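The residues making up each chain are set out below.
2 protein chains.
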Amino acid sequence: MNEIERWGFFELSLDGPSDGNPFTDISLSAVFSQDNKALKINGFYDGNGIYKIRFMPTKEGNWSYTTESNCEELNNISGDMLCISPSENNHGLVQVHNQYHFAYADGTPFFPFGTTCYAWVHQSRELQEQTLETLKNNCFNKVRMCVFPKSYSNNSNEPELYPFEGTAPCDWDFTKFNPEFFRHLEQQILKLMELGIEADLILFHPYDKGHWGFDSMGREADDRYLNYIIARLSSFRNVWWSMANEYDYVKEKCKEDWDHYIELTAKNDCFHHLLSIHQGDVLYDHWNPNITHASIQLGTLRGTVSAGMGRLKLLRDAYHKPVIYDEVGYEGNLIQRWGHLSAEELVDKFWQSIISGTYTTHGETFTHPEDIIWWAKGGTLRGKSPKRIEFLKNIVKDSGLYGLEPLDRWWVIDGAGKNGSYYLYYFSYEKPEKWKFELPAFKIDVPMGAKFKVEIIDTWNMTITPVEELYEITDKDRYHYTCSYNPTVTLPGREFIALRIKRVS
Amino acid sequence: MNEIERWGFFELSLDGPSDGNPFTDISLSAVFSQDNKALKINGFYDGNGIYKIRFMPTKEGNWSYTTESNCEELNNISGDMLCISPSENNHGLVQVHNQYHFAYADGTPFFPFGTTCYAWVHQSRELQEQTLETLKNNCFNKVRMCVFPKSYSNNSNEPELYPFEGTAPCDWDFTKFNPEFFRHLEQQILKLMELGIEADLILFHPYDKGHWGFDSMGREADDRYLNYIIARLSSFRNVWWSMANEYDYVKEKCKEDWDHYIELTAKNDCFHHLLSIHQGDVLYDHWNPNITHASIQLGTLRGTVSAGMGRLKLLRDAYHKPVIYDEVGYEGNLIQRWGHLSAEELVDKFWQSIISGTYTTHGETFTHPEDIIWWAKGGTLRGKSPKRIEFLKNIVKDSGLYGLEPLDRWWVIDGAGKNGSYYLYYFSYEKPEKWKFELPAFKIDVPMGAKFKVEIIDTWNMTITPVEELYEITDKDRYHYTCSYNPTVTLPGREFIALRIKRVS
Chain A
2 MNEIERWGFF ELSLDGPSDG NPFTDISLSA VFSQDNKALK INGFYDGNGI
52 YKIRFMPTKE GNWSYTTESN CEELNNISGD MLCISPSENN HGLVQVHNQY
102 HFAYADGTPF FPFGTTCYAW VHQSRELQEQ TLETLKNNCF NKVRMCVFPK
152 SYSNNSNEPE LYPFEGTAPC DWDFTKFNPE FFRHLEQQIL KLMELGIEAD
202 LILFHPYDKG HWGFDSMGRE ADDRYLNYII ARLSSFRNVW WSMANEYDYV
252 KEKCKEDWDH YIELTAKNDC FHHLLSIHQG DVLYDHWNPN ITHASIQLGT
302 LRGTVSAGMG RLKLLRDAYH KPVIYDEVGY EGNLIQRWGH LSAEELVDKF
352 WQSIISGTYT THGETFTHPE DIIWWAKGGT LRGKSPKRIE FLKNIVKDSG
402 LYGLEPLDRW WVIDGAGKNG SYYLYYFSYE KPEKWKFELP AFKIDVPMGA
452 KFKVEIIDTW NMTITPVEEL YEITDKDRYH YTCSYNPTVT LPGREFIALR
502 IKRVS
Chain B
2 MNEIERWGFF ELSLDGPSDG NPFTDISLSA VFSQDNKALK INGFYDGNGI
52 YKIRFMPTKE GNWSYTTESN CEELNNISGD MLCISPSENN HGLVQVHNQY
102 HFAYADGTPF FPFGTTCYAW VHQSRELQEQ TLETLKNNCF NKVRMCVFPK
152 SYSNNSNEPE LYPFEGTAPC DWDFTKFNPE FFRHLEQQIL KLMELGIEAD
202 LILFHPYDKG HWGFDSMGRE ADDRYLNYII ARLSSFRNVW WSMANEYDYV
252 KEKCKEDWDH YIELTAKNDC FHHLLSIHQG DVLYDHWNPN ITHASIQLGT
302 LRGTVSAGMG RLKLLRDAYH KPVIYDEVGY EGNLIQRWGH LSAEELVDKF
352 WQSIISGTYT THGETFTHPE DIIWWAKGGT LRGKSPKRIE FLKNIVKDSG
402 LYGLEPLDRW WVIDGAGKNG SYYLYYFSYE KPEKWKFELP AFKIDVPMGA
452 KFKVEIIDTW NMTITPVEEL YEITDKDRYH YTCSYNPTVT LPGREFIALR
502 IKRVS
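Protein chains in written order, with the working numbering: chain A, 2 to 506; chain B, 2 to 506.
Do not take every clue at face value.
As the list claims (entries may be wrong) - The following residues of chain B were derived to be distant from chain A, with all beta-carbon distances above 12 Å:
#, residue
1, N99
2, E161
3, D270
4, Q280
5, H287
6, A295
7, S343
Unchecked claim - As a list, the in silico PhoX-like pairs of lysine-lysine whose alpha-carbon atoms are at most 25 Å apart:
#, chain 1, residue 1, chain 2, residue 2
8, A, K444, B, K419
9, B, K444, A, K252
10, B, K210, B, K192
11, B, K444, A, K322
12, B, K444, A, K432
Said to hold, decoys possible - Here are the computed distance ranges between Cβ atoms for each label pair:
#, chain 1, residue 1, chain 2, residue 2, range
13, B, N462, A, R383, 46 to 52 Å
14, B, G219, A, N269, 38 to 44 Å
15, B, E264, A, K53, 45 to 51 Å
16, A, S157, B, E264, 49 to 55 Å
17, B, W288, A, N269, 45 to 51 Å
18, B, W288, A, D26, 55 to 61 Å
19, B, E4, A, V283, 56 to 62 Å
20, A, V97, B, E264, 56 to 62 Å
Please keep in mind that the hints were generated in silico from the structure rather than gathered at the bench. These numbers come from a predicted model, not from an experiment. The C-beta atom is built at its ideal place from N, Cα and C for all residues, glycine as well.
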């Protein structure tokens with residue numbers, strides 16, 4: 002019997018007809034069952050008379066399947082497989098955990114520290130290899146990437162492959178997919194999986210505007226495309242669905258279209274991959290129950306950067322879901338204001354978002370003689386932010402928490418963690434020379450005499466300096482604990498300083 | 002024929018049975034019609050065998066009506082009235098205008114500058130008179146006030162009247178209203194109308210917790226109460242429905258209850274008064290289409306007050322509706338952290354919210370030997386914020402706009418107005434000594450050579466000082482206009498300074 006690891010990848014390949022239009026003429030699905038559980042999974046045509054059905058077993062033990070098709074050859078084919086324990090680096094799909102955070106299906110925490118390479122799979126094979134090598138040597142565990150190629154400033158080269166049969170730039174038969182295009186996409190997503198990276202797959206985007214017409218195929222072709230990609234990709238455990246980048250800039254679709262595509266995807270994806278939609282100007286209604294987390298673009302507010310934390314937290318409070326600031330501007334030197342953040346500004350945003358109980362995505366936009374810019378095409382990273390982001394990522398991992406939480410809703414915005422055991426405060430552009438040792442006390446019980454270790458973190462220079470003396474807490478007022486013999490922490494008076502406070506007894 | 006002014010108040014009074022329980026036994030309504038328009042309005046029992054139907058004609062001309070009742074005496078009574086032009090101070094109901102702002106039905110702008118006197122109608126007659134006198138002498142044009150009495154710290158006195166038949170504190174017949182209670186409430190709402198003040202009427206609140214039990218009457222009694230109050234009050238043009246104060250602190254009701262009460266009210270109120278709900282910790286889903294505007298409590302974040310503007314604006318972007326920060330803490334000296342804002346802090350919040358395209362509500366909590374605290378009971382105002390709030394209100398009125406709008410979405414948070422003609426910048430706790438003269442230019446056309454008058458506003462000292470020279474704009478870069486011969490504005494280097502920039506040619 003086939004042995005497939007849990008959250009692994011089962012593929013049934015069947016020979017069938019290749020005449021007519023197999024993409025539209027042939028329906029194919031299979032019901033996979035184990036005990037009382039049964040899942041109906043759609044198959045797809047992969048060209049050359051080959052039909053495939055893919056399945057990701059989410060529970061160990063025997064699974065059996067039977068196909069269903071309007072084509073005799075493909076109908077009523079049965080088989081089974083044994084789902085075995087996952088291998089060491091397979092933790093399953095990432096899902097929402099503790100309302101505002103994420104974890105793999107096996108319970109391992111997942112902290113999204115993503116990056117952005119919108120069109121990396123549409124570049125030369127050599128450049129794609131370089132991108133993968135760069136990803137391997139950096140900390141990013143999620144990549145925002147588009148299915149469709151991108152036509153935009155600094156990104157005007159044609160891809161090698163196109164998703165449909167036809168002739169570039171805009172003579173396509175939207176009823177016929179190009180399986181080679183999708184096989185290539187899948188191969189690259191599998192390489193990301195091997196690197197432990199989630200593919201935050203952008204299904205639609207506005208960077209087309211009549212060049213290829215993939216942003217304006219119409220409802221019927223869009224539905225077919227979504228179903229095809231769900232059939233092909235939903236058994237890849239590292240796929241997230243990002244319904245669109247800057248959905249509101251896609252002028253050919255309206256809010257109802259997006260609601261429909263989101264509903265279709267949520268309904269037809271049996272494995273419930275994370276599902277989000279990213280905006281340009283107009284925030285989507287992320288209360289839509291099909292949306293698993295709010296994927297947000299937020300202008301960078303240069304010059305008022307220290308105003309961020311209360312702001313970043315607020316959308317969490319408004320949506321009651323995890324929030325990922327998937328676009329906050331890029332480290333680089335482009336003329337566009339979103340494309341010339343300093344590394345300090347970008348790293349500061351990462352810290353602000355963590356302190357707000359949310360997450361941020363990286364991107365880099367340094368000009369390049371051949372326009373090989375990470376944000377669009379991948380290649381190499383040249384900025385100073387990635388290793389500081391890794392430093393933060395390690396701090397978050399070391400917290401032992403699933404994610405940092407507000408300490409005192411509405412009233413504390415520069416600190417997060419878990420009351421009583423772990424506190425992380427961050428001062429952004431402020432340069433305090435001392436910090437009043439005060440921990441939140443309102444409706445929070447910490448026993449008198451509990452001792453805390455304080456460490457001073459220089460987030461830019463990536464140093465962690467312990468304060469020698471321990472802090473023992475006493476009551477101060479109805480809202481605060483303090484330390485009577487040691488009421489302040491001396492700080493270096495520089496920007497970008499954080500404090501880590503951990504209970505030791 | 003009866004002559005009733007537009008948005009005025011028509012009342013049909015009918016004699017009927019007083020035996021049994023007229024509140025539950027007798028159904029009464031009337032259909033009011035004009036041309037093709039017909040509105041079915043519920044009547045109510047006002048005690049002593051008197052039944053009433055109230056109507057607010059919203060269109061001039063003849064209206065006719067016919068009653069419907071399960072009681073022969075009250076059934077099929079017809080009549081008519083002539084709706085005439087409104088009198089000078091009658092501008093109709095306040096409604097949402099330009100998506101994020103408000104206007105009266107006749108198109109007159111309405112800028113909500115409200116205050117908070119939760120339980121003023123439940124105090125002694127003398128104190129109520131004093132409250133009205135204070136309101137008359139201040140600028141507030143909206144009052145947050147509860148229907149039910151309030152039992153809370155600094156607010157433990159019993160009211161003179163109760164909404165139901167029975168015996169205080171908690172022996173009530175929820176099937177029988179006390180008409181006298183409601184007549185008194187109406188009288189006070191009418192007095193507010195005469196003062197040009199909107200009654201932001203709080204229908205439920207958690208400040209009861211078993212004392213009277215009005216927070217836990219059950220779904221059936223709650224529905225009956227809402228229908229009774231809609232029948233009585235929806236013909237008062239200055240009524241806003243605030244479904245609850247701190248809805249999430251009412252432990253006896255769940256989200257589905259609130260959704261239901263909101264839907265009932267939106268459906269049964271033929272006149273579509275503004276309808277909101279105010280939270281403690283958990284923001285309501287203000288995307289609910291029945292909600293007309295987001296009524297928000299936001300912790301005051303003392304010590305990080307300058308972080309507010311991007312934050313206050315964000316909920317507007319998230320909800321796509323007007324936002325009123327109906328609770329931001331109070332000017333006063335209570336021990337609770339929400340009750341001891343300085344006047345400076347509160348006035349700062351008003352400015353921040355206006356610059357964010359939103360609105361804020363005032364409240365005052367100075368301790369008093371007899372606990373006569375404005376926020377709960379009314380009386381007199383002792384704080385320093387009201388006249389500064391009035392100063393701001395006049396500036397907003399003088400803008401000639403329906404409300405200040407963001408100048409450059411996401412990228413400018415310290416200024417608002419209308420690009421090309423009117424700009425208001427505000428520096429909060431910052432103390433800049435000069436301001437770079439830069440106006441937003443991205444996708445905004447202002448003709449080269451346009452001239453602007455600049456005024457420096459001291460929001461605390463309430464002065465407006467014009468800068469002598471005019472500023473003529475030239476292109477600077479893709480995002481900014483500047484003035485080449487006069488690139489900065491000299492500022493006083495104090496806190497709470499604003500700039501008003503108006504086009505003069």
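Status of each hint after checking the structure:
1. N99: Holds, since 16 Å exceeds 12 Å.
2. E161: holds (34 Å)
3. D270: Consistent with the label, D270 of chain B stays out of reach of chain A, its closest Cβ about 24 Å off (over 12 Å).
4. Q280: Non-interface label fails for Q280 of chain B: nearest chain A Cβ at 10 Å, not farther than 12 Å.
5. H287: violated (8 Å)
6. A295: Per Cβ check, A295 of chain B is inside 12 Å of chain A; nearest 9 Å; violated.
7. S343: holds (17 Å)
8. A:K444 with B:K419: Outside the cut-off at roughly 45 Å; violated.
9. B:K444 with A:K252: OK: K444 of chain B and K252 of chain A at ~17 Å, within 25 Å.
10. B:K210 with B:K192: violated (31 Å)
11. B:K444 with A:K322: violated (33 Å)
12. B:K444 with A:K432: With a Cα-Cα distance of about 36 Å, the restraint between K444 of chain B and K432 of chain A is violated, given a limit of 25 Å.
13. B:N462 with A:R383: 46 to 52 Å: holds (51 Å)
14. B:G219 with A:N269: 38 to 44 Å: holds (42 Å)
15. B:E264 with A:K53: 45 to 51 Å: holds (47 Å)
16. A:S157 with B:E264: 49 to 55 Å: Since the Cβ atoms of S157 of chain A and E264 of chain B sit about 52 Å apart, the hinted range of 49 to 55 Å holds.
17. B:W288 with A:N269: 45 to 51 Å: violated (25 Å)
18. B:W288 with A:D26: 55 to 61 Å: Violated, since W288 of chain B and D26 of chain A (Cβ atoms, about 42 Å apart) do not stay within the stated range.
19. B:E4 with A:V283: 56 to 62 Å: violated (47 Å)
20. A:V97 with B:E264: 56 to 62 Å: Since the Cβ atoms of V97 of chain A and E264 of chain B sit about 28 Å apart, the hinted range of 56 to 62 Å is violated.
In this structure, the hints that do not hold are numbers 4, 5, 6, 8, 10, 11, 12, 17, 18, 19 and 20, in rising order.
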